[in-house]
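K.L.:
The task is simple: from the sequences and hints, build the whole structure.
Spelled out, the chains give:
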Amino acid sequence: MSASDATRAFARVALVLVSHSRDLAAGAVELAGQMAPGVLLIPVGGTPDGQLGTDFDGIERAFAQATDDGRGAVVLMDLGSAVLTAESVLDLADEDLAARVRLADAPFVEGAVAAAVTAHGGADLEAVLAAAEGAGRMYDGDHPAPAGDASAPPTNDGVVRETRTLLNPMGLHARPAAVISRMLAAYDAKVTVNGVSAASVLALMKLGATQGTELRIEGEGPQAAEAVRVFTTEVERGFGEI
Amino acid sequence: MSVDVAWAVEWVRRSAQTISEHREELVELDRLIGDGDHGENLDRGFRAVVAKLDALDEPPAQIGDVLKLVATTLMSTVGGAAGPLYGTAYLRAARATATDELDSAGVVALVEAALDGIVARGKATTGEKTMVDAWSPAAEAAVHAADAGGSPADVLAAAAQAAAEGAQATIPLAATKGRASYLGERSMGHLDPGARSTELLLAEAAAAAA
Numbered sequence: 075m076s077a078s079d080a081t082r083a084f085a086r087v088a089l090v091l092v093s094h095s096r097d098l099a100a101g102a103v104e105l106a107g108q109m110a111p112g113v114l115l116i117p118v119g120g121t122p123d124g125q126l127g128t129d130f131d132g133i134e135r136a137f138a139q140a141t142d143d144g145r146g147a148v149v150l151m152d153l154g155s156a157v158l159t160a161e162s163v164l165d166l167a168d169e170d171l172a173a174r175v176r177l178a179d180a181p182f183v184e185g186a187v188a189a190a191v192t193a194h195g196g197a198d199l200e201a202v203l204a205a206a207e208g209a210g211r212m213y214d215g216d217h218p219a220p221a222g223d224a225s226a227p228p229t230n231d232g233v234v235r236e237t238r239t240l241l242n243p244m245g246l247h248a249r250p251a252a253v254i255s256r257m258l259a260a261y262d263a264k265v266t267v268n269g270v271s272a273a274s275v276l277a278l279m280k281l282g283a284t285q286g287t288e289l290r291i292e293g294e295g296p297q298a299a300e301a302v303r304v305f306t307t308e309v310e311r312g313f314g315e316i
Numbered sequence: 023m024s025v026d027v028a029w030a031v032e033w034v035r036r037s038a039q040t041i042s043e044h045r046e047e048l049v050e051l052d053r054l055i056g057d058g059d060h061g062e063n064l065d066r067g068f069r070a071v072v073a074k075l076d077a078l079d080e081p082p083a084q085i086g087d088v089l090k091l092v093a094t095t096l097m098s099t100v101g102g103a104a105g106p107l108y109g110t111a112y113l114r115a116a117r118a119t120a121t122d123e124l125d126s127a128g129v130v131a132l133v134e135a136a137l138d139g140i141v142a143r144g145k146a147t148t149g150e151k152t153m154v155d156a157w158s159p160a161a162e163a164a165v166h167a168a169d170a171g172g173s174p175a176d177v178l179a180a181a182a183q184a185a186a187e188g189a190q191a192t193i194p195l196a197a198t199k200g201r202a203s204y205l206g207e208r209s210m211g212h213l214d215p216g217a218r219s220t221e222l223l224l225a226e227a228a229a230a231a232a
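Sequence order for the protein chains is A and B.
Take the first sequence: its position 170, counted from the start at 1, is 244 in this note's numbering, and no numbers get skipped.
Take the second sequence: its position 8, counted from the start at 1, is 30 in this note's numbering, and no numbers get skipped.
Keep in mind that the hints were calculated from the coordinates and are not lab data.
Take these hints with a grain of salt, some might be off.
Stated by the list, open to error - Taking lysine to aspartate or glutamate pairs in the EDC-like style, the calculated list, with each CA pair at most 16 Å apart, reads:
| no. | chain 1 | residue 1 | chain 2 | residue 2 |
| --- | --- | --- | --- | --- |
| 1 | B | K90 | B | E32 |
| 2 | B | K199 | B | E62 |
| 3 | A | K280 | A | E184 |
| 4 | B | K145 | A | D179 |
| 5 | B | K145 | A | D165 |
| 6 | A | K264 | A | E300 |
| 7 | A | K264 | A | E236 |
| 8 | B | K90 | B | D26 |
| 9 | B | K145 | A | E161 |
| 10 | A | K264 | A | E294 |
| 11 | B | K74 | B | E32 |
| 12 | B | K90 | A | E236 |
Claimed, not checked - Which chain A residues face chain B? A few, computed with CB under 7 Å, are given here:
| no. | residue |
| --- | --- |
| 13 | G127 |
| 14 | T128 |
| 15 | G154 |
| 16 | S155 |
| 17 | L158 |
| 18 | T159 |
These numbers were taken from a predicted model, which means no experiment stands behind them.
Heads up, the beta-carbon is just placed ideally off N, CA and C, and yes, glycines get one too.
P.N.:
Here it is as structure tokens:
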């Protein structure tokens with residue numbers, strides 16, 4: 075850590091990215107850091123002598139650094155021994171540290187990006203963990219619905235529907251995507267935008283929605299109306315970017 | 023000889039020796055169905071263990087102290103899945119052996135604790151082509167040998183024999199855990215390197231007590 079890094083105020087949840095490869099860990103930190111400059115991201119890659127493998131002592135040091143200043147830490151791991159070693163470190167760690175560290179069952183790159191963006195938005199430990207683990211679900215069914223089914227079902231099915239035009243110049247990028255998913259977490263409702271879950275930062279970003287895109291917002295559940303209302307309000311005010 | 027602290031130290035030194043001798047074999051087995059680092063990693067780990075043993079000012083007081091040294095050293099130096107797996111096995115075994123000598127029931131407890139550690143860490147069960155396929159029959163055989171009135175050395179010999187048979191029985195299996203599981207059915211026909219290293223280590227546990 076450089077002195078400037080050490081003195082910067084970080085988000086309350088840090089990420090530790092454990093890979094068999096030094097380059098892969100460093101690359102994942104670079105990628106996630108681009109979208110979440112306010113989050114402490116610690117790479118632990120390879121063995122101490124630079125070979126492919128896992129570094130028990132390195133993980134131990136990273137956990138201590140990540141949880142310094144009372145922060146929590148979410149850990150992303152690539153393959154088997156990275157997971158086993160991180161678990162072993164946690165088993166042997168003192169209770170106070172272990173209570174603030176969560177190992178994410180998530181794809182390494184997508185989970186790191188989703189967790190970093192969510193942590194950057196100020197989310198707590200469990201929300202950052204959920205963001206990482208939610209990133210894995212985008213592979214099974216959380217894809218955008220085919221275009222053209224917008225006008226299909228009538229309104230008598232309990233679904234709250236609204237359509238708004240995206241106003242902010244930079245489109246639905248990481249920050250507004252994180253705002254949406256964090257905001258909706260407070261409501262007992264399942265909300266989708268153009269067919270993808272609004273709870274998933276990555277799914278929202280993958281929509282590639284640019285300024286002028288029509289957003290079809292649909293909510294189901296006990297608090298669907300409230301959830302869709304706060305959502306449309308944010309879209310109308312351009313997520314504070316206009 | 024009795025199964026005491028001197029036995030534990032002897033087991034560890036013999037383990038380092040056998041792993042070193044079989045390093046290329048383990049590398050080759052792992053290259054066929056894994057990432058090829060098992061022999062090199064374990065060899066590095068056990069060399070570090072011996073270096074730590076040599077550096078001790080006075081010999082450990084309990085068997086558990088020896089096994090704990092093995093556990094923590096393997097965890098920090100192996101660098102592959104064998105590190106946390108064997109590390110956890112030796113750590114659990116260490117907790118079960120806080121004494122200066124083991125009777126037959128104590129040897130059973132050691133082997134069972136090691137198996138529990140492997141299972142807890144790797145979340146594998148038998149038939150998945152992993153080191154559990156050697157440790158599990160070893161624990162069963164240890165129980166039977168102790169029930170039949172065998173000495174601590176007899177119990178270790180029975181465990182070693184069963185581990186060897188268990189390791190050979192992994193050959194036709196398709197891996198469903200660990201790196202080899204990415205190969206699926208293509209892993210069939212190959213001896214699992216983790217089961218093979220387990221066989222080697224338990225053989226030395228028996229030899230050290232013979």
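K.L.:
All hints, please: hold or fail.
P.N.:
These are the hints, each one checked on the structure:
Proposed proximity of K90/B and E32/B is supported: the alpha carbons are some 15 Å apart, at most 16 Å. Using a Cα cut-off of 16 Å, the hinted pair K199/B and E62/B is violated, with the two alpha carbons roughly 21 Å apart. A hinted pair counts as satisfied when its Cα atoms are at most 16 Å apart, and K280/A with E184/A qualifies at roughly 11 Å. For the suggested pair K145/B and D179/A, the alpha carbons sit about 14 Å apart, so the restraint of at most 16 Å is met.
The suggested pairing of K145/B with D165/A holds, with an alpha-carbon distance near 15 Å, which does not exceed 16 Å. Simply put, K264/A and E300/A have alpha-carbon atoms about 11 Å apart, close enough for the 16 Å limit, and the pair holds. With a C-alpha separation of about 14 Å, the suggested pairing of K264/A with E236/A holds against the 16 Å cut-off. Restraint check for K90/B and D26/B: satisfied, since their Cα atoms lie roughly 15 Å apart, inside the 16 Å limit.
Of the pairs offered as hints, the one joining K145/B and E161/A holds, with about 12 Å between alpha carbons and a cut-off of 16 Å not exceeded. Straight-line distance between C-alpha atoms of K264/A and E294/A comes to about 5 Å, which keeps the hinted pair within the 16 Å bound. With a C-alpha separation of about 14 Å, the suggested pair K74/B and E32/B falls inside the 16 Å cut-off, and the hint holds. For a cut-off of 16 Å, the pair hint linking K90/B to E236/A is broken: about 62 Å separates their Cα positions.
A cut of 7 Å between beta carbons decides the hint on G127/A: the least distance to chain B is about 3 Å, and the hint holds. Interface restraint check: T128/A against chain B, minimum CB-CB distance 6 Å, threshold 7 Å, status holds. At its closest, the beta carbon of G154/A sits 5 Å from a beta carbon of chain B; the interface hint therefore holds under the 7 Å criterion. The restraint placing S155/A at the interface with chain B holds, with a minimum CB-CB distance near 4 Å, inside the 7 Å limit.
A cut of 7 Å between beta carbons decides the hint on L158/A: the least distance to chain B is about 4 Å, and the hint holds. A cut of 7 Å between beta carbons decides the hint on T159/A: the least distance to chain B is about 5 Å, and the hint holds.
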